[in-house]
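**Q** Turn these sequences into a full structure, and let the hints steer you where they fit.
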Amino acid sequence: MTAIPLLAIRDLTVEFATRRGPVQAVRRVDVSVAKGETVGIVGESGSGKSVTSYAVMRILDRAGRIAGGEVDFSGIDLRSASERQMRDLRGREISMIFQNPRAALNPIRKVGHQIEDVLRQHAEAGSGDAKAKAIAALDQVKIARASERYHAYPFELSGGMCQRVVIALALACRPQLLIADEPTTGLDVTTQKAVMDLVTGLTRERGMASVLITHDLGLAATYCDRIVVMEQGRVVETAPASTIFRAPAHAYTRKLMQATPRPGVSLRDLLPEGAPAAPTAHAEAAGAPLLAVSGLVKEYPKAKALLSRKPAEAPFRAVDALSFTVARGESVGLVGESGCGKSTTSTMVMRLLDPTEGSIVFAGEEIGRVPAARFARHPLRPKIQMVFQDPTDSLNPRWTASRAIADPLKRFGTVRGSDAIRARCEELARLVGLPVELLDRFPHQLSGGQKARVGIARAIAPSPDLVILDEPTAALDVSVQALVLNLLADLKQALGMSYLFVSHDLQVVRMLCDRVIVMRSGRIVEEGPTEAVLGAPQAEYTRALLAAIPRPPV
Amino acid sequence: MLRTLLDRLLTTLPALAGVVVVSFLLTRVLPGDTAAYFAGPAATPQAIAQIRTELGLDRPLPEQFARYVADLARGDLGRSLTTGQPVTADLGARLPASAELTLVGLVLSLLVAIPLGVAAALKQGSLVDHACRVVATAGVSLPVFFTGLLLVYVFYFVLGWAPAPLGRLDAFASPPPTRTGFFLVDSLAAGDAETFRAALGQIALPGLTLAIFALAPIARITRAAMLAVLAADFVRTARAAGLSRRRVVVTYALRNALLPVVTTLGMVFSFLLGANVLVEKVFAWPGVGSYAVEALIASDFAPVQGFVLAMALLYTVLNLTIDLAYGLIDPRVRGAA
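If you read the protein sequences in the order shown, they are chains A and B.
According to this note's numbering, the first sequence holds residues 7 to 560 in order.
According to this note's numbering, the second sequence holds residues 196 to 532 in order.
Don't read these hints as lab results, they were simulated from the structure.
Among the hints, a few may not be true.
[Unchecked claim] From the structure, some residues in chain A lie toward chain B, with a derived Cβ separation under 8 Å:
hint, residue
1, Gly97
2, Ala110
3, Tyr159
[As the list claims (entries may be wrong)] Over the 12 Å line for every Cβ pair with chain B, so calculated as not near, a few chain A residues:
hint, residue
4, Pro107
5, Arg115
6, His128
7, Tyr156
8, Ala176
9, Gly335
10, Gly364
11, Val421
12, Gly455
13, Ser527
14, Gly541
[As the list claims (entries may be wrong)] Just a few of them, taken from the derived set where beta-carbon distance is under 8 Å, the chain A residues facing chain B:
hint, residue
15, Ile65
16, Asp94
17, Leu95
18, Arg96
19, Arg98
20, Met102
21, Ala109
22, Asn112
23, Val242
24, Ala245
25, Phe448
26, Gln451
27, Leu452
Each residue gets a CB set at the ideal place from its N, CA and C atoms; glycine is no exception.
**A** Quick look at the structure:
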């Protein structure tokens with residue numbers, strides 16, 4: 007990196023005014039990006055990685071301000087630049103793409119017009135050629151039938167397609183620097199690969215520099231030249247991507263790297279050294295299966311206008327003749343991309359949704375015929391529990407942790423008397439590794455990992471036989487994910503439960519599950535023992551899923 | 196589009212049927228005897244009974260209702276006993292006055308409230324924001340008859356800027372040739388600047404009274420919606436793309452923020468219809484509100500039923516318009532409607 011950097015951040019400090027006084031979100035950070043270089047900024051939530059990029063663009067919200075340091079972009083001091091100057095730079099010289107692409111686009115404006123807005127703002131197009139240039143921009147991000155999609159609204163496009171539009175918008179004026187803030191979080195693994203390949207391809211082709219902000223060390227190492235690791239507002243390590251996996255210098259980088267699920271490691275390997283050895287023995291699947299699903303179908307009728315004389319369209323089949331079993335003590339992974347029907351399936355097994363056809367036999371009893379509305383009072387109800395995807399949204403914000411955990415106990419009457427319930431809550435808290443003194447806190451006073459533990463404690467409170475885990479770690483940082491996954495494995499061992507683990511993350515499924523079912527468009531594509539399916543996949547689709555996982559140079 | 200419209204119109208039919216039944220029953224259960232009222236204080240019981248038979252009030256309720264519905268189907272709303280005119284004629288003459296007043300009030304308050312709400316959201320915690328809060332609180336806390344009287348006192352009695360609060364035009368001016376029934380529109384259409392000015396002078400104070408009343412909800416909703424939208428991801432994208440402040444605020448933020456405002460408009464309009472009754476009393480405005488109140492006091496059923504039905508129809512049409520406008524602004528509901 008001998009060339010003069012395109013972007014140089016020196017000693018940057020960003021402060022946020024809060025009710026308890028100023029808080030430094032970014033402290034004395036140094037980052038430099040050379041022309042044509044791709045730099046990854048990696049860190050967990052609260053590390054200040056996004057705030058750093060907002061400070062560069064000067065789009066911090068009103069509470070935030072740059073408190074110290076300098077930001078230099080090809081000779082321009084961005085900290086003292088006027089708002090007008092900044093506006094000319096944004097979009098034309100420095101662009102940004104964001105997480106959650108659907109929300110990043112104006113929902114009531116045609117995507118073509120949104121691209122035109124940017125082109126016209128920076129005088130790249132006049133009223134005559136704006137449309138043609140916008141279509142060309144859509145073409146460049148490989149959107150098929152670009153002239154048709156020009157008229158589409160964001161809600162008519164898929165998540166991956168929306169991200170392409172956001173990229174087209176960012177690159178329309180051929181900026182020199184592209185900042186990508188978690189561009190693929192929330193996208194499917196194959197879409198992630200397509201989007202990242204597109205971004206790296208376009209930036210390389212145009213000789214642009216780019217900054218990739220992500221929590222995924224693997225993703226950053228795959229696509230970046232150099233990686234900056236941030237922790238709690240500070241840069242702890244800067245190293246070439248090729249060496250960071252092989253020789254992480256800083257303890258935090260090592261911890262982060264270790265916690266990242268990757269091929270060839272077990273759950274225990276994710277934890278820092280010194281964790282107790284794993285209980286290895288797998289519970290033997292014996293006797294009749296705990297859960298047997300056969301010929302499960304869920305159809306959604308297409309909406310029909312009141313006066314329409316057209317015959318109703320064929321209903322949409324979200325789940326199409328699905329059959330599988332889960333043995334006692336077994337954990338089965340249900341894998342697939344968004345829209346494959348995996349969540350619909352788990353919701354039907356949970357009996358929150360009525361199947362159109364098919365049977366669900368749980369513990370020898372047919373529960374598929376019990377209407378969802380009445381299953382809440384069914385004697386088998388305590389035996390099936392669920393852990394939800396978002397640990398924050400799935401807790402009542404006005405209930406303490408102990409109230410949340412006690413809720414199923416009170417509802418099913420498994421434990422009676424307030425002392426007995428409290429004792430059971432404390433026992434459960436110890437079981438899931440939640441400090442007992444935190445039981446009287448409210449969700450907003452707990453960290454993400456602690457909330458996840460409360461959610462798990464609540465699910466195992468009535469001693470269920472089957473726990474449905476719906477992407478339980480998708481919203482957690484990798485180091486917390488490692489702890490929670492290990493906790494789940496230990497609990498299964500100790501309590502002899504079965505898991506139905508719904509996920510799109512193959513690496514996580516590989517570590518936690520005995521058997522895996524790969525789904526696509528409501529059907530099973532492939533199923534079998536985890537090692538066999540992921541080690542030597544038979545179906546084309548499984549191979550594509552595996553190939554899309556980012557492979558850092560190790 | 197036409198199909199959606201028909202679909203929506205069909206769904207309003209049950210609501211209208213309900214209004215017919217309820218307005219009929221309500222006027223029947225209200226205390227007060229129409230026959231006794233019209234016979235006068237000195238009437239003999241025989242005279243009252245005779246009037247009752249003439250009006251058909253001695254028949255059983257279902258029969259009265261059947262007759263009412265049959266008349267309604269022919270477009271006959273009955274005859275007002277106080278004015279002696281058919282209710283349809285009375286309403287037809289008075290409805291434009293009320294509608295003109297309400298619309299002027301609504302437009303005035305929109306013109307003030309939306310910019311005020313936007314400014315308050317853009318400069319949160321500033322003087323404008325506090326001013327918005329004060330104006331909004333004052334607007335809802337003061338009863339409309341009080342605001343009306345206050346305005347009359349200041350602008351007519353003290354300053355003498357406004358004409359006497361005695362109806363739509365002063366006694367010596369003649370109304371413009373009727374086209375829409377709105378004096379402001381009709382006088383302009385006739386090219387009669389003098390009548391236009393006179394009508395404008397008369398409608399200014401009552402319009403302002405209603406506007407102050409409607410200001411609060413619209414300004415608050417605009418402010419809240421703008422704050423939510425300004426924090427949205429797509430506004431950040433627009434800023435990061437270097438779009439001008441005007442474009443970010445108007446095209447990106449305001450157009451999205453207008454969706455909840457449009458929804459609230461329907462509700463605000465119904466508040467205004469209620470407030471109208473009092474404002475018409477204060478300003479001697481010859482509208483349907485004061486007409487209905489007088490009829491109600493006189494236990495004169497037909498005008499009250501006619502009024503309730505007319506308001507229900509108006510409100511339904513308004514909601515339909517709002518739904519359709521929503522579809523124009525928001526592409527997401529177009530397919531779903």
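**Q** Among the hints numbered above, which are violated by the structure, and what are their numbers in rising order?
**A** 4, 5, 6, 8, 23, 24, 25, 26 and 27
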